[in-house]
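Visitor: Here is how the chains run, residue by residue.
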Amino acid sequence: MDTQSYLPVKPGVGMEENFLSLDDILLSHERLPIRTECSFPRLGFLEKSSDSHDIPEGTKMELPLWLSKGLYEKKRRVLSVELPKVYREGWRTVFNADPNVVDLHKMGPYYYGLGSQMLHFDSPENPEIAQTLLQTFIGRFRRNMDSSQNAYNEDTSALVERLDCLEKALFSSGQSGLNSFQSWEKGRASQLTASSLVLNYRKRKINDLQP
Amino acid sequence: MFCEKAMELIRELQRSNEGQLPAFNEDGLRQVLQEMESLYEQNQTDVNEAKSDGRSELIPSIKLRHCCLLRNQRCLTAYLYDRLLRIRALRWEYGSVLPANVRFHMCAEEVQWFSQYKKSLASFMRSLGGGEGLDITQDMKPPKSLYIQVRCLKDHGELEIDDGTVILLKKNSQHFLPRWKCEQLIRQGVLEHVMS
Amino acid sequence: MSDALSDDGSVNQDDSQEDVMTPAELIAKLEEAWLNEKFSPELQENKSEVVECVMEQLTHMEENLQRVKKGDAKASIHRMEIDRIRFVLSSYLRSRLQKLRKFFPHVLEKEKSRGEGDPSLLSPEEFAFAKEYYANTETYLKAVALKRMPPNLQTVDMLKAVPEPCLDSFVFLRVKERQENILVEPETDDQREYVVDLEEGSQHLMRYRTIAPLVSTGAVQLI
Amino acid sequence: MDASEVEFLAEKETVKIIPNFSLDKIYLIGGDLGPFNPGLPVDVPVWLALNLKQRQKCRIVPPAWMDVDKLEEMRDLERKEDTFTPVPSPYYMELTKLLLNFASDNIPKADEIRTLVKDIWDTRIAKLRLSADSFISQLEAHAKLDNLTLMEINTIRAFLLDSLNCLYKLRSNQHPGSSKGQFADF
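Chains as they are written, first to last, in this note's numbering: chain A, 1 to 211; chain B, 1001 to 1196; chain C, 2001 to 2223; chain D, 3001 to 3186.
Just so you know, these hints were derived from the structure itself, not from any lab. For glycine and all other residues, C-beta sits at the position ideal for the given N, C-alpha and C. A hint or two may mislead.
In the DSS-like style, the derived pairs of lysine-lysine whose C-alpha atoms are separated by at most 30 angstroms in a straight line are [as the list claims (entries may be wrong)]: (1) A:Lys186 / B:Lys1171; (2) B:Lys1141 / C:Lys2176; (3) C:Lys2110 / A:Lys168; (4) B:Lys1118 / C:Lys2038; (5) C:Lys2099 / C:Lys2070; (6) D:Lys3057 / C:Lys2176; (7) C:Lys2131 / A:Lys186; (8) B:Lys1141 / D:Lys3080; (9) D:Lys3025 / D:Lys3080.
Stretches of chain C that chain D covers, calculated by requiring three or more beta carbons in the stretch to come under 8 angstroms of a beta carbon on chain D [as the list claims (entries may be wrong)]: (10) 2061-2067; (11) 2146-2154; (12) 2163-2169; (13) 2178-2186.
Using the sequences and the accompanying hints, generate a full structural model.
Guide: Structure (structure tokens):
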């Protein structure tokens, strides 16, 4: 806890977002398929396929997660949210069988984040969704740990490409632990170095000079 | 859809890796504020109509615009706060005087925030240990030896060490200097620590 | 030379107590505080008396070294020790400052709600820093954006916006004084809560929340 | 924690040196050292031993465990047992690196020692990963970790603790409403 360099506000992970986290803002910009359960007068221009003045009740459209969350009400029917495929029963069965074969980046890239956020919408399937998210994380933990620690000295780039955002962040914290240890082993840990920012700005300057 | 401008600001920061500070996007900020103003005005109109004419069917749209207002507020606050975190880190990386190309990317209020932050930090460090003072921007890594071998990466002029000796820091020259005198210069990329 | 550096004057930690610490014990206290601060998710109580005493020791030693001629064999050994202690001290203070900045609204809130006799979380200089940091940041957000927003959107509740420290984080620890019946809360519905005894010298991985009070009493050391 | 900081703590361990100079007792803030007499062994912290060694002021006496026979025994035991066996020093890895780098001429069979310690380390790290995985998959709330060293913990710390945090959040998903969550995020 003694680094003075830039550390962004971390994402909330799970059902709560962190207000100031850029990651959470990007996650909550993911679009969800919804169906309006009432009409939205004077906002027809938001729905590109129609040229009516209002968004009528029963319109199927996509809204970002943050807006769906903001409009959704348990008691009053304002809109209903469709569960993205990857959280439905068919895919849940696949995940439960072997979470390691799934390309979570392609299915996500916010598999855990968006899945947790979906629990805000009162679906009867919520307990199963939450359970699958948890079991998927646990099931993939060993592979992710071993590769982030380079346990097998293999090329990990293919594996990293298949990680979801959350796993990627964990992977890089594992890698930085490994790098710190390896640079210590090589006797480099006590070398005083220029700050990465200074180095980056210098690199940029050099690039600027090149035609 | 609303709030797209605000998302652009967020993406712009997310693309700037390793804490680099992109130019302050005054134009983007203004556009978001304009969108907020117009959302607010539309809502004022609809709220008045809903009240006076009893048009409660307007409520869902009012709510939707209000969500967008809050979203814009969040994005702008997060944009500005994240920039502060980046700017704050600069104090440790560059010392108290920022290079011109970094300052150039800051807006006037950020420059003000930074100079107030520097002041707070300085008076904090001065008052440490019952007023004795300690520079905690030094000693970033465990010490290994009193003196270290360094190479100059650029011409930097003269450097006085504590016994009064003056050393000329000329590009490519090598020196054996007290570690604590070099730390900041190494971080700034003036000197390079040569390991034996 | 040896005379100048040989007074191992003990440090009086607190006048109200008869408790006298040797300089070596003082340094050990600083190192404990350093590791605890590094590894705990939340800010620990301030140890400004330790900081002050250590700085006094360093100043005193540096003054003595001024009187020693250049190239003295002992002087360089003393200087190396000073460097090592100053590193721990700076790193400790940096860790605290980092948490202060990360959690400033919550730290100030906790300080505000502190009872009359409770020990202060922050040293006076840290408190001043945190208050200025809060005001500075609030002023900035207002000036650049908030005051240009519609009237009902001109404030952001910093307590809700800035994330709190996560006390449910796990920590590694070593037990310094044996503890009995530490309640471990279950992780799942089908587990039951149970108690563990923490034997002296044993090491554990568990939730910070469970053992937080033991960190402040010094019964466990975070590692 | 940075590995260099763990090494910093290791440098506080004491080691025996045989000085080739004389010097009175030194009254350091952290305790007294010396006196130093040529040829007479004396205990000093590792940081000082290394400094004196680099200036050719002493010979370092390797700790008793830094010995091929003893380390072979330890390696075999470590491989046989499923649990972490007691280590000869809480800083065995750091001390091996430091002493072999700066005083290999004072340590018999330095290369064999380096390999043996690396073998012990690798075996223990493999066990550490195994226990981390079972800790996660069993959703344990507490683990006893006797005999693990700070450097070993440090290699996995960030990854394991961050993972446990995520796990905690994903587990809390199963009890929505138990969290505070009064703040609607837009």
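Visitor: When the structure is checked against the list of hints, which entries are broken? Sort them ascending.
Guide: 3, 5, 6, 7, 8, 9, 10, 11
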